[in-house]
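Novice: So for the sequence shown, the numbering used here puts the first residue at 723; every next one is plus one.
Rather than coming from a laboratory, the hints here were simulated on the basis of the structure. Some hints here could point you the wrong way.
[Stated by the list, open to error] Taking lysine-lysine pairs in the BS3-like style, the calculated list, with each CA pair at most 30 Å apart, reads:
1. 937 to 879
2. 829 to 1105
3. 926 to 1105
4. 983 to 1024
5. 914 to 978
6. 879 to 978
7. 937 to 834
8. 983 to 899
9. 936 to 926
10. 936 to 983
11. 899 to 834
12. 814 to 936
13. 926 to 899
14. 1024 to 978
15. 937 to 1024
16. 914 to 983
17. 914 to 1105
18. 1024 to 926
19. 899 to 821
20. 1024 to 1075
21. 834 to 1075
22. 809 to 821
23. 899 to 914
24. 1024 to 879
25. 1075 to 991
26. 899 to 937
27. 914 to 821
28. 814 to 914
29. 926 to 978
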Amino acid sequence: MPRPLNILTLSTLFPNAASPNFGIFIERQTAELASRAEADVTIINPIGIPPLPLRSLPPYRALADLPEHEHWHGLNVHRPRFRLIPKIGGSKNPERIAKAIIPLVRKLHDAKPFDLIDAEFFYPDGPAAIHLSAELGIPFTVKARGADIHHWGSIAKCLPQILHAADEASGLLAVSKALKQDMVDLGMEGDKISVHYTGLDSQKFVPVDRAAMKKELDVPGPLFICVGALIQRKNQALVIEAIQSFPDATLMLAGKGEEEKAYRALADKLGLQDRIRFLGNVPHDELPGLIAAADISILPSKSEGLANAWVESLSCGTPIIISEAGGARELVRSDTAGRIVEQNSSAIADAIKAILAHPPAPSDVRASVSQFSWENNGDALVKLFLEIVGR
């Protein structure tokens, strides 16, 4: 049997002790890859730290205290620091990352040569990977996940770097067919892009006795959940407004973010503060029970690639209400899975009424994502990497 591929995974998105849910889907993908006999994996997770006095403030203080090398859930993770200029320095991040990590990467490569660089977020990871690829003389791939294309691709100083990374990469991946089309529309070569769907732990995200779980949560009426960072792009304000139409319903918001204060104020203004539960960042292992307890999972994002929360909700037997974003129609192919709605509170309320009136069987909802698994995800990744390296 040939020796395993030695893969350098570069990802600015990756969980750590300060943010254990940050990029957890990348951790799961990487863990699956690392479990294969065909692959050895080393993760480089660059951590951006601003200059003083900002670095002494949360959350940067917690990030600065992270170990620079650790075994995180069995994975070999290096966390080198690079200089971050918040708000205004985004266009320089790829260059700063490459400059900061090349000495470490060269040292690791000299000890055990890498075969391929796997950049896990299109920006800034992709442009940074160009420098590493040139330094080591090995190919690289880049995966697009959504915001890295929709947000960073809309910034004039970042778009040329994104397109240059796409040109130089030996392979590109997208989490949905819709995101692949968005990449082509930006100017990327379609034949170079493989659709690489997210994985799913179908043994963890399972239906439960919903009535019993709701009783345990002290929820007497309908229960809805939004899983995602509390940011404008996720549009949770529309869900909060829609809840006005359901006086006996409870809404759980699982996530934290810069809009939390505004969302709490909106809930107070609408008199909903007693029926909306701000759960904060829920440990990933605790999410399945909460999602499965909910009658509906709602996330009307302004943009997505293909949200893991959508797939995990369906696996729990919980129908979803989502917007026409990213790979929405690649998941919601019938009313059994849920509804795709306009981004306004009345459309969300109408969809809630329709699902509550005729709730689908959880087993039928779950069947809609039977093709999603980490095994399938890993198979596709190994196949692509072996082809690129020429094995």
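Novice: Now, for every hint given, state plainly whether the structure supports it.
Specialist: So, going through the hints one by one against the coordinates:
The suggested pairing of residue 937 with residue 879 is violated, with an alpha-carbon distance near 52 Å, which exceeds 30 Å. For the given pair, residue 829 sits about 28 Å from residue 1105 by alpha-carbon distance, which is consistent with the 30 Å threshold. Proximity of residue 926 to residue 1105 is assessed by CA-CA distance (about 26 Å); at most 30 Å being required, the pair is judged to hold. Distance check on the hinted pair: residue 983 and residue 1024 sit about 20 Å apart at the alpha-carbon level, within 30 Å; holds.
Under the criterion of a C-alpha separation no larger than 30 Å, the hint pairing residue 914 with residue 978 is inconsistent with the structure, at around 36 Å. Our distance criterion of 30 Å between C-alpha atoms is met by residue 879 and residue 978, whose separation comes to about 29 Å. For the given pair, residue 937 sits about 55 Å from residue 834 by alpha-carbon distance, which is inconsistent with the 30 Å threshold. With a C-alpha separation of about 35 Å, the suggested pairing of residue 983 with residue 899 is violated against the 30 Å cut-off.
A distance of roughly 18 Å separates the Cα atoms of residue 936 and residue 926; the hinted pair therefore holds under the 30 Å criterion. With a CA separation close to 27 Å, the supplied pair residue 936 and residue 983 stays within the 30 Å bound. Taking the CA atoms of residue 899 and residue 834, the gap is about 36 Å. The hint is violated against a cut of 30 Å. For the proposed pair residue 814 and residue 936, the alpha carbon gap of about 48 Å is over 30 Å, so the pair is violated.
For the hint linking residue 926 to residue 899, the alpha-carbon distance of about 26 Å falls within 30 Å, and the restraint holds. Restraint check for residue 1024 and residue 978: the C-alpha separation of about 18 Å stays at or below 30 Å, so the hint holds. A hinted pair counts as satisfied when its Cα atoms are at most 30 Å apart, and residue 937 with residue 1024 does not qualify at roughly 33 Å. For the given pair, residue 914 sits about 43 Å from residue 983 by alpha-carbon distance, which is inconsistent with the 30 Å threshold.
For the hint pairing residue 914 with residue 1105, the CA-to-CA distance comes to about 15 Å; that is within 30 Å, so the pair holds. Proposed proximity of residue 1024 and residue 926 is supported: the alpha carbons are some 28 Å apart, at most 30 Å. Taken as a hint, the residue 899 and residue 821 pair is broken in the structure, with Cα atoms around 34 Å apart against an allowance of 30 Å. At most 30 Å may separate the alpha-carbon atoms for a hinted pair to count; residue 1024 and residue 1075 meet this at roughly 22 Å.
Note on residue 834 and residue 1075: the hinted pairing is violated, with a Cα-Cα distance of about 58 Å set against a maximum of 30 Å. With a C-alpha separation of about 20 Å, the suggested pair residue 809 and residue 821 falls inside the 30 Å cut-off, and the hint holds. Note on residue 899 and residue 914: the hinted pairing holds, with a Cα-Cα distance of about 13 Å set against a maximum of 30 Å. About 23 Å separates the Cα atoms of residue 1024 and residue 879, which keeps this hinted pair within 30 Å; it holds.
Restraint check for residue 1075 and residue 991: the C-alpha separation of about 23 Å stays at or below 30 Å, so the hint holds. Between residue 899 and residue 937 the CA atoms are separated by roughly 40 Å; this puts the pair beyond 30 Å, and the hint is violated. A threshold of 30 Å between alpha carbons decides the hint, and for residue 914 with residue 821 the separation of about 28 Å falls inside it, so the pair holds. About 26 Å separates the Cα atoms of residue 814 and residue 914, which keeps this hinted pair within 30 Å; it holds.
With a C-alpha separation of about 23 Å, the suggested pairing of residue 926 with residue 978 holds against the 30 Å cut-off.
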